[in-house]
Amino acid sequence: MSQLEQIDPRGPQFTAGITAVVLAAVLLTAPDPLAVGILAAQAVLFAWGAFAGVQHTPLAWVFRTLVRPRLEAPSELEDAAPPRFAQGVGLGFAVVGLIGFATGLDALGFVAVGLALVAALLNAVFRFCLGCEMYLILKRLTAPKTLTTS
Amino acid sequence: MSTGAWFVIGAVVLALAFGAYRARTDGHVRRTPPSAPSAERPASVLAGTPWEQDLGERATLLQFSSAFCAPCRTTRAVLSDVAATTDGVRHVEVDAEQHLDVVRRLGILRTPTTLVLDRHGVEIGRAAGAARRDQVVAALAAVPESA
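Protein chains in written order, with the working numbering: chain X, 1 to 150; chain V, 151 to 297.
The set of hints was computed from the structure by calculation and includes no laboratory data.
Honestly, I wouldn't trust all of these hints.
[Said to hold, decoys possible] Stretches of chain X that chain V covers, calculated by requiring three or more beta carbons in the stretch to come under 8 Å of a beta carbon on chain V: (1) 21-32; (2) 51-60; (3) 114-123.
[To be verified] Below are the EDC-like pairs computed for lysine to aspartate or glutamate, each with C-alpha atoms no more than 20 Å apart in a straight line: (4) X:Lys139 with V:Glu273; (5) X:Lys139 with V:Asp237; (6) X:Lys139 with V:Glu295; (7) X:Lys139 with V:Asp245; (8) X:Lys139 with X:Asp79.
[Unchecked claim] Computed Cβ-Cβ distance ranges for the label pairs, DEER-style: (9) V:Thr235 with X:Val62: 43 to 49 Å; (10) V:Thr182 with X:Val62: 44 to 50 Å; (11) X:Arg140 with V:Ala291: 42 to 48 Å.
For glycine and all other residues, C-beta sits at the position ideal for the given N, C-alpha and C.
Construct the entire structure; sequences and hints are all you get.
Structural data, given as structure tokens:
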């Protein structure tokens, strides 16, 4: 996959909006089995975006076919990699949430899904990309300390 | 109200608060407190780096960028334009990933981060998030001319 794939940033923003509604529905029906079902479906969507890339998910298709034709051209494009990483982060939260609700640790489930909802809202409302923000911090933490360049 | 409803409300409040905070502080140049008057002038931020000789006569706009960072592109455009239209000001852009030692030494946590340096390479202010032209111009106006 090209590392320089550029996408319309409103695509992930649209998806984040749908995700926020889905996660809110999970929180409102938890810890009912219905909530677990919805959360599992959202986890599948996260995994889809993380592994296939955000442009290749069902919601991306909806955005391209139904939403984008009604919008003007985007003022700028963004790289596809950070939103993809953010989907991976979402998947992590969703899995923790599923484990929480499935094992009766409801508090864990509420907190994990709640945090995922915060991230989705930040993306949908402010186009704030958690993955992009974490990128440098992760690099700082994971790169060897002996790496010097000057 | 159900527990879940409280979490939804909490999440909305948290997201709005953090988003509003970022909208306000992004690009805002925070002045770096000067060292004590009796202390020696601190070393240039760029000492020992490949850009040691790239300081502007009056000031330097030091930008830390990374890959996959759309606000970094915006910042590059703003800073290079200010540098091109202001005497004695230079724009230096550093790939944060390639220079993690400098990133760690300077406590850079996000990209883009812009450091405003005086003519000796001493940091007098920094801004995280996409640079704002008015903030940069105001910070440059405040760069001390003497010493």
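Which of the numbered hints are not met once you compare them with the structure shown? 2, 4, 5, 6 and 11
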